[in-house]
Structure formats: structure tokens, C-alpha cells
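Mind docking chain B on chain A? Use the hints.
From first to last, the protein sequence lines stand for chains A and B.
Numbered continuously in this note's numbering, the first sequence closes out at residue 941.
Numbered continuously in this note's numbering, the second sequence closes out at residue 198.
In short, the hints are calculated from the structure, not lab data.
It should be emphasised that the depicted structure is a prediction, and the values quoted were computed from it without experimental measurement.
Check before you lean on any hint, since a few could be wrong.
Not the full set, but computed from the structure, chain A residues with beta-carbon under 10 Å of chain B [claimed, not checked]:
1) Asp258
2) Gln260
3) Ser414
4) Ala420
5) Arg423
6) Ala424
7) Phe427
8) Gly430
9) Ser431
10) Val478
11) Leu481
Cβ atoms here follow ideal geometry from the backbone N, Cα and C, with glycine treated the same way.
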Amino acid sequence: MLDCCARTGEEKETRALHAASAGRRVVFMGDDTWKDLFPGAFSQAFFFPSFNVRDLHTVDNGILEHLYPTMDSGKWDMLIAHFLGVDHCGHKYGPHHPEMAKKLSQMDQVIQGLVERLENDTLLVVIGDHGMTMTGDHGGDSELEISAALFLYSPKALFPGAPPEEPEIVPQISLVPTLALLLGLPIPFGNIGEVMAELFSEVEDAQPHSSALAQASALHLNAQQVSRFLHAYSAASQDLQITELHRLQNLFSNASADYQRLLQSPQGAEAALQTVITELQQFLRGVRALCIQSWARFSLGRMAGGAALMAAACFLCLLVSQWATSPGFCFRPFLLIPMACGLAGTIVCAGLLTTTGLKLDPVVLGAVAAVGSLLPFLWKAWAGWGSKRPLAALLPIPGPVLLFLLIRFAAFFSDSFVVAEARATPFLLGSLILLLIAQLHWEGKLLPPKLLTMPRLCFPASTGPPRHSGTYALGLGVGLLLCIRLAGLFHRCPEETPACRSSPWLSPLASMVGGRAKNLWYGACVGALVALLAVVRLWLRRYSNLKSPEPSVLFVRWGLPLMVLGTAAYWALASGADEAPPRLRALVAGASVVLPRAVAVLAASGLMLLLWRPVTVLVKATTGAPRTRTVLTPFSGPPTSQADLDYVVPQIYRHMQEEFRGRLERTRSRGPLTVAAYQLGSVYSAAMVTALTLLAFPLLLLHAERVSLVFLLLFLQSFLLLHLLAAGIPITTPGPFTVPWQAVSAWALMATQTFYSMGHQPVFPAIHWHAAFVGFPEGHGSSTWLPALLVGANTFASHLLFAVGCPLLLLWPFLCESQGPRKRWQSLGNEAEARVRPEEEEEPLMEMRLRDAPHHFNAALLQLGLKYLFVLGIQILACALAASILRRHLMVWKVFAPKFIFEAVGFIVSSVGLFLGIALVMRVDGAVSSWFRQLVLAQQR
Amino acid sequence: MKDTDIKRLLYTHLLCIFSIILSIFIPSFFLENFSILETHLTWLCICSVFVTAVNLVLYLVVKPNASSKRSSLSYKVARFLKCCIYFLMSCFFFHVIFVLYGAIIFETLQLREIPPVIYIFVFYRVTSIWENSLQITTISSFIGTWLGAFPIPLDWERPWQVWPISCTLGATFGYVAGLVISPLWIYWNRKQLTYKNN
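Next up, chain A with everything else stripped away, as it sits in the complex:
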């Protein structure tokens, strides 16, 4: 066989792999793209570099050098020669150039030479996988580009009559079943081509009956496979026309029955066979038409509408996030009324549709709701724009961050960058971190002035005192980069880069051979778990949230270790289940069902406890500070000298004073005098961190064991990033609180980076299906939502965790306020030394600053959420645009469309997570308010 012209189509791939798997000797010569596509598929191969379009001859001459000797040697079942010169010549010179004439006559000679050497049982197939336009290019969908020549030749007569004047058009997908059946191989399941029946007729036999029978049996084999495919496809998806589907199925069953009957009675008429052939062909063509009609439909209007809606929604997020913190922003006209409008519009639309008897399309309804709420908003915004707001507010994102967002936006339009996103995201994140450090440096917050060896170019020196030492922020940055680098070691390769090696650490421990290494790894995984627990507990202890007798704190102290224990035990069972002695099999099986569920239940109950009593504050009602009694030295007798008088009189005075004060206090000490509440300063973030840890454990259980190291890195690097960001965010005590754009972008980037380092790729073959069987080793029966939930939680774990943790970006700078008086905190925690009480006034207010300005707090939360949604929104906007603009691209179904789907689901998960995170903060806020109210009531009593 001989393939002429350029790139590989899917048919060839399927064919080559198929043949190789069936033990055929496949020899290849030509374009070296095949080397990467089918590593190890060929028994013998001659690859030649093909990238340079100007090079017309290397590949062709290389093939010609080997083609005839290989043919004559006879050591092949299938020989593929991929000539490339004509394609390159078309790109370079176009179709009407003398070079093209030379190239074409060379190809003619090749075909002549091959025809002379062919043996009787050999078929020569000359195909081009595409044509070329008048300029010699291809890749579009014009008639000239998508039509190519097909030439079949064999020394044995192939066709019964003379070839027709106007040859029929053979679809490219029909090559696969034809060649597969000719080689004696099964037709690939997913192919819906139709065999070229003429090739199966036995012309020389001269018996029309047997020839027709051969054709019919080939077509029947083909039709059986297509029918199987149709059955499986229509069961999985509902987008085929039902009536047409039934008609085709009936057609097939009739034709099949006829065929079987004719086989039983071989003396049947030739005419009957011909009708069977026609019926089968009708069936195959009908299936193809049906599938093409339902698959290759692009609704351009919907695409454009969806993209416009998304862009408008991003714009809304941007505008509102800008206005949310401005003082004159009122919530109702801008957000509530448009929402109501949208809802009303949807209901009216649904009503109209049902009354007119049309089908209710949820997509249309959703679009109506979105448009209905967006339009009033934009109208309001337009109305309020000209009067007060300057146009500069339109682009509030600072330049460098805008550059990063633009790079990220543009990267989605290149298939290479989408494939390489796992490497590109850490790069961007690292750059953003370095930029943050550099920014701190320029703002003069990082280094003390004496270390600034270079005077600034033309910036005025900042006068404010440095808030942090240089080594501190630099250390944070280096630690962050180190974490990112380490997380990059966990890396799963995309299919498109065959040279890349996936990290072996992503596979479960059970797949490891070698007991010692397995034990070591198991130890490391459990170590990571314990370290994660230790980090969280250390953090809580540092802000002394571990002392309260509240149930949620008790859960953190005792429930979390229990969860760690359960996880470790489950891993031990899962990794060594095959080595268990037979008597313990039942026990092991039972435990591997119970343990993950127990951990999940523990985590859920912990979250419930947290929602029930989120205020982890230790309240101590003390009756004032213990007084120091002056020790009175015994003295008896009247004073004898002046010195005695000098001593005694002050003593008596002091004694009287204390007596008096003591009596006063006794009268007042009915109710609690002072209330010392610890950990109020970190009450919000403590709840957040606890919730995140509780969420992380079940998610961790869904992953392979060694990914626990990635979870540990995730927590570490987000802590580091939060500290670094907090160093750059000034605390504006009364005024509006804002979270800068760079913080939000870095957070979103880190979510993407963690998605990849957890071993995911945005393609369907890379989904970790085994997650569905954690806790359900026997499968799920008929239920589908639970396994879907488990697999989804596994895939989008990082999206969920980062979205829920997003409010930490707002809270952390307030938390870092207490960096100075750290020592005092510890001594305060020591209950014996209650005497340090007077210093309590100097204690930082920390997160209570947020409570002091509830209006600003709410606005900041809204702004934070909208900013995060905006950053995610432009990602998904870019993905959608890329998938719709490049819908005819070679890689659209392999790269762009899956990326869009993953990004869309990730966006939904992130939105829900963000909502949950903000809701948790609001819940804590409400609980703190009620707690204060109770306190005041108790005071008054």
C-alpha cells in the first residue's frame, strides 16, 4: 500500500495499530510523525524528518531508497509509504508550479514501478488524506481541500466491468472497514464506514452468485459491527432521531434475516442476494447520514450567544467588584432588582413556551434568565456611569497582573499550551510570586533601608517603616517556589508528548512490587498525613484556638487523629490486600468497606459540629485580678521612736486602703466582672482552616496514597502564599477592606497547578475512575450519582479546596497582625500568669477589626468572591472561545473540547465552593454576633 500526501488521518492510525496488534508485519517508511503516534507498532520502519516545509525531497528520496528492496524482500504483510513531497510542494509553490509538475511525475513513476512489481495477491492503494486549495494549502473545509484521489490496483481484476465515467465518491471512513476486512481483521468498533463491496467480488470466478454472496457477507459483517455500535451509542446518548433510528434498526434486522435465509438455502436466486446487498448498503448509508446529522452540528448562534453572555458576566463581576467597596454602592438596585427581572423573565418565557406547546429547553431558559438579569444591570450601570465615575475605573487591574491574565487568556487558544499547561502554570505562578517579592521590594516594605544598596532609579524613597524583615519575605518566596517545584514532581504526562515520562508516584501503592520500597512509601504517606495534622494543630495552637471547650475544638483534638488513623489503616489494607492470609480475607474486605465510610462520616459530623458551634472562643469570667496582699510585719507595742512611726503609719494606711477596696469589690462582684475571651482575633480563620482540613481528608482518601504528599504541599504552599500576600496588603483600619488582584490571581493559578500535581489532565482517559470504588469495592449497583460524585470530587478536589479557602485571602492580613506579640500570646495562654492582664489593651484586634465595620466586611466578601469569579470566568471564556473558533481544528476533540468541559465543570465546582466558603464566614459572623449578645445580656443581669 502506498499513502501519498500529507498528514495522518484517524483511519490510518486505527488501521496500523489494529494490524500490529493482530501480529501482522507492518513496515512503515516516511514521515517521522508516525514514530511518536505509534511507538513500537511497526516491525520495520524508516523515518525521515518531515517538519521543514521547504524540504521537498528528503522524505521521498528516503522512501524510494528503501521501497523497492523492501517490497522484493517480501517480509511484510502491510507496507505503508508516506510520501510528503507533494504536500510540501503545494505549501511552498502552489499547485501550478513547475516544481509540482516534477513532483507529480516522480509520483507517477513510483506508481508505475510499483504496478510492475505487484504480485497477484497484493492490492495497491493510493490515497491522499486531503486535497489542496488553489493556493496549495489545506486545513479548511472547502470542496477542494476535502476531496482527494483514491486509486486501487491489483494485477488480478478487481472490478467486474469497465470503470464508470463518473466514479462514485468514497468517504474516507470507508477505507478502514475495507482494508480491515481485506487483511482479515475485525472492523474497529467505532467506525461507521461502509466496505467497498466491489473489492470483495470474485471477478475471475465468473459465477455471479458466489461473487454476490462474497459481497453480501462482507457487507453483513460490516453492518453487524455498525449495528452494534449504533445500539451502544443510542443507549448512551439520546441525540439521535428516534424514528429514523427505529427505521434503520428494522431495516437491518430484515436484511439480516434475509441474509441468514439465503445462507441456509444456497440455491437462492442472485436477485435476492442483490436486494440484500442494497438493503445493507442502505442501512450503512442511513446510519452514516444519521450520525453526521447529529454529530457535526455547530449552532453558531448559540455559540456566539453563550460567549457574549459569558463576556458580559465577566464584565459584571469586574464592575461590581470595583464598586462594591465604594461608599455609595447600594446593593438593591444593582443586584437584587436585575435578579428579580431575570427570574420574572424566565417564568414568563416558560409560561409562554408551555402555553404554545413548544418544548422547554433548559438552555434557552437559562439564557433568558441570564440576559434578563444582565440587561437591567448594564442599563443601571450605564445610567450611573457618566455622572460620577471616572473611566479609569473601567480597568482596575494593575498592569503586571493584567499581563499575567492576558497570557493565561491567550494560552488557551494554542493547543500546545493547553497540552503543556501542567508545566506552564507553575512557571506563571513562580513568576507572579517573584513579581510579588519584587513589588514588596520596590514599595520598600521588604528590605530595611540599609540593605538597599542600589538607589532607586527615580522613585522617591518610601518613608514608612519596613513591616517585615527582608529575609522573612524572601524565605517565604523561596519556600513557595520550592513547594511548587516539589509538587511539579507529581506530574502526569498528556498523551500528545510521547517523550514525557509520567511520575511513577501517582500510581497506587498496591501496584508496587518490592516490599521494602512499598513499606518506605507507606511510611512516607502516613508521615505526610501526620505532618498535615501537625501543621494544622500547630497553627491552631499558635493562635491558641485549641483551648476552648467547644465541641468543634474537641473534635479537632480527637476526631482528626482518629481520621488520620482510619486513613492510614485503609491504606495499609488497600496496598497489601492481596498479601493477606486467606482467613483474614473477609475481615480485610469488610474493613476496606467500613474504613473510608467511617472517615467520611467523621468528616461530615465534624463539619456539622463546626456549623452548629463555629465560635471557638475560650471565655473566662474572672472576678478581677487577684490582689497582692501586702505582708504586714508583726509589730506589737506602742511606737517608741520616730523610725517606728515612719514604718507603722504607712502600713496602717495601706491596710485600711485594701480593706476598703476589698469591701467595695465584694459588693460589686455579684455578676462576672470582666470577661476574658481568648482567640476572638482568629475566630473566622480558625473555622475556615478547620473546615478545610475536614474537607481535605475525605478528598485525600479518594486519591492514590502518595498524593497525600501533594495535599501536604498544598496546605504548606497556601499558608506560605497567604503569608507572603499578607505582607503586601496594608490594613486599613476603619476603611474599606480590599483584596488585591494579584492575590486572587495567584490563588486561582495555584488551584490550577494543584489540579495537575494531583495527577489529573483535562482529558477523559486521564480521569481517575478508581475513585468510584473507594468504600464501595463491589461497585454501586444501578446508582450513578454516587460514583459520579466520588469521581468528580477526586477530579476537582483542588478547585473545591481553593474555592472554599478563598475567604482566607481577606482574613489573613488581619491574622498576621499578631506577629509581633507572639510571645505574649504564649504567656497569656499560660493560666498561671494572669498578671499580664494590663497589657491586654495593646493586643491586636485582628479579625475583630472586620466585625467593627460590618458593612465594609460584607462588601469585601462580595468583592473577593466577584474577583475570584472574574479570574475563573475569563479562563472559561477563553476555553469556550477557543473551542468555538477552532471548531474545525485538527485538535478540537482531543484538546480544546475536553479542556472546555473540564474547565466548565471546574468553574461550577469552584463557584459552589466559593459560595460555601463565604457562607461559612457569614455563619461564623452570625454566631459571633449572637455570642456577643449573650455576653451583654449576662452582663446586664
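Chain B only, in chain A's frame:
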């Protein structure tokens, strides 16, 4: 701030650029199989040696910090040692950054960032337009390195898309761009620039 200073700066920078261009062509007369892409490391070493030599010569000739008061031998030795320490530290610093950016640890021991680092070393602690230009060239070569990483994932399959080559080429281009930009920038902003020592 005098215009003559800026002119001198411009000429020295042009010499530097010339030396880089020379480093592309001259070695091919002496070395077999020399090409920038295939024997990249050799070219890089030669290039940095050229730039260093030119800078040293220029330093001795131009004497940008002739105003330094003390010129005893011990002072010079002390300054030289200080420069060496700074040089090693900056090498280490850059090395750490590149490793954290994803470089393979041992591969980076190739003194990749020689041109800008040498430059820091030579003109260290000078308070004049020389230092401004130093800052600009360093920053621009850093940005060039950063930009050089972008073509790596693309599937053009060009020989210069391999990992270190595109970055070092980017660094060199950025350095050259910085050499060109800095005199112009200083010229445009000469009104705003004031120096303590001048």
C-alpha cells in the same frame, strides 16, 4: 550629569554589542563544527568571556568611578574580594531561582547567566549613570530569559526550542536590548535623574 557621559555610555554599549556579534562569527574560524545551536555551551562561554573582557578593558579605560578618594592597594584588594563575594552570591542566587523554575539541578551549573552577572561584578557600587544602565540591562536580560521560556511548549520542532537554548538566547537578546535601551532611556530622563555623588 553631562551629555558626554551619556555618549561614552552609548559607545561602550555599542562595543559590547559588537563583541557579542563577534563571538558569533569569530569562533567558527578556529573551531570545527561550531554553531550556536549545536555547540551552544561553547558559544555561551565564548560569548561571556568576550563580554567580560570588553567590560574589563572598558572599565580600565573609562574609569567610571574615578572620583573614589582612597586608592590604596589594600582598599583595592578589599573591594576586589567584596566583588568576588557578591559575584558568587549572585551566581548562587540566580542558580536557586533557575532551579526552582524547573531547571535540572546539575544542568544549570553552566554559568548561564554570565553576561549580566559579570556586569554586576564589574560595575558594582557605582553611583552614576553607569549604574542605571547596569540596572536596566540586568532587568532586561532577566525579562529576556523569562520571555525565552515561552516558545518551548510550541510544536514547531525547531532546534532552538530545546530547554536551555531558548532561554539563553532570550537572555542574550534581552541583554543587547538593554544595552541599546539604557542610554536612550537615560537620555530621555536626564532631567529627572539626580545623583548624590555627581
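Results of checking the hints against the structure:
Because the beta carbon of aspartate 258 (chain A) sits about 51 Å from the nearest beta carbon in chain B, more than 10 Å, this interface hint is broken. This hint is violated: glutamine 260 (chain A) has a C-beta 51 Å from the nearest C-beta of chain B, more than the 10 Å allowed. Taking 10 Å as the C-beta cut-off, the interface hint given for serine 414 (chain A) holds, the closest approach to chain B being about 7 Å. At its closest, the beta carbon of alanine 420 (chain A) sits 3 Å from a beta carbon of chain B; the interface hint therefore holds under the 10 Å criterion.
Below 10 Å, beta-carbon pairs count as interface contacts, and arginine 423 (chain A) has one with chain B at about 7 Å; its hint therefore holds. For alanine 424 (chain A), the interface hint holds, since its Cβ comes within 10 Å of a Cβ in chain B; the closest pair sits about 6 Å apart. The beta carbon of phenylalanine 427 (chain A) comes within 6 Å of a beta carbon in chain B, closer than 10 Å, and the hint placing it at the interface holds. Taken as an interface hint, glycine 430 (chain A) checks out: its beta carbon lies about 6 Å from the nearest beta carbon of chain B, inside 10 Å.
This hint holds: serine 431 (chain A) has a C-beta 7 Å from the nearest C-beta of chain B, less than the 10 Å allowed. Residue-level restraint check for valine 478 (chain A) holds (minimum Cβ-Cβ distance to chain B is 7 Å; threshold 10 Å). With a least beta-carbon distance of about 4 Å to chain B, the hint placing leucine 481 (chain A) at the interface is held under the 10 Å criterion.
In summary, the structure is inconsistent with hints 1 and 2 from the numbered list given earlier, while agreeing with the others.
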